[in-house]
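Chain by chain, the residues run as shown.
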Amino acid sequence: MGVASEYKEGVLRVKITGDFDMAVADKIRCHIDEKLDEGRVRNILMDLTDVGFIDSSGLGVILGRYKRVTVLGGKMAITGAQPQVRRILELSGVEKIIRCYEIEDEAFKAM
Amino acid sequence: MKLSNKMAMEFSSIPDNVALARVTVAAFASQMDFTLEDLDEIKVAVSEAVSNSIIHGYLNNPGFVVVVRAAIYNDNLLEIEISDNGTGIEDIEQAMEPAYSSNPERMGLGFSFMQSFMDKVEVDSAQGQGTKVRLIKGLTGSKNNTQEN
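As given, the protein sequences belong to chains X and S, one line each in that order.
Sequential numbering from 81 applies to the first sequence in our numbering.
Sequential numbering from 3 applies to the second sequence in our numbering.
Mixed in with the good hints, there may be bad ones.
[What the hints assert, rightly or not] To be clear about the criterion: a stretch of chain X counts as covered by chain S if any three or more of its residues have a C-beta under 8 Å from a C-beta of chain S, and this derived list gives those stretches: (1) 89 to 103; (2) 134 to 148; (3) 167 to 178.
These are calculated hints, taken from the structure and not from any lab test.
We treat Cβ as the ideally placed atom computed from N, Cα and C, and that holds for glycine.
Kindly produce the complete structure, drawing on both the sequences and the hints.
Set out below in structure tokens:
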């Protein structure tokens with residue numbers, strides 16, 4: 081379970097692996113916030129391809145980062161959400177405000 | 003109702019044990035004819051309830067205990083109980099409102115997910131008295147089994 085990120089085409093690409101619950105929420109939140117604090121980018125692409133589980137703790141991190149990039153004038157997108165994760169994104173309404181893509185290239189083009 | 007099987011576990015109120023709880027209950031529930039989607043839903047519901055105990059009940063203090071019990075009745079009804087001896091809930095109705103959270107950093111969707119994914123959610127709590135959350139789910143087509151006998 082973890083988080084790694086890289087800068088790509090003006091976007092902070094964040095890859096999360098494992099279960100996205102309260103056990104890792106603070107770690108992931110801090111990781112992304114530190115990167116945003118550097119001021120190099122204001123767009124985030126969150127790669128959830130290897131996330132097998134998400135609950136409202138994980139959603140809280142995603143939504144909190146969305147609010148932050150919105151204030152900065154940036155955009156956020158999600159890629160690779162597995163069906164059970166996608167269902168939680170739909171049910172919570174997060175999918176209505178943060179676009180989900182299956183193909184990463186499409187997400188980058190949109191940003 | 004005939005008790006088919008039951009389990010109980012207690013664990014320290016630490017974040018790493020949220021996954022332990024949901025995986026264990028899902029493994030127990032897999033003895034029934036739930037679909038994989040049902041089991042995913044049960045995992046989310048348990049995760050939310052246990053997270054609530056740790057975050058709200060015990061205010062993220064790792065020195066306490068959360069108890070999770072589960073039982074299968076008539077081979078078609080699953081009952082899960084998550085309990086803590088934490089701070090308790092002063093206003094249960096308010097706590098269960100969608101998007102309400104006593105913590106401004108959180109989304110307040112825990113009970114909403116529990117209610118979406120389980121057939122019935124019962125909360126027994128009072129300030130300073132701890133909290134007990136009962137989650138009940140029947141097999142598809144057996145929703146009438148969630149009625150009290």
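Any hints this thing doesn't respect? Which numbers, in order?
none
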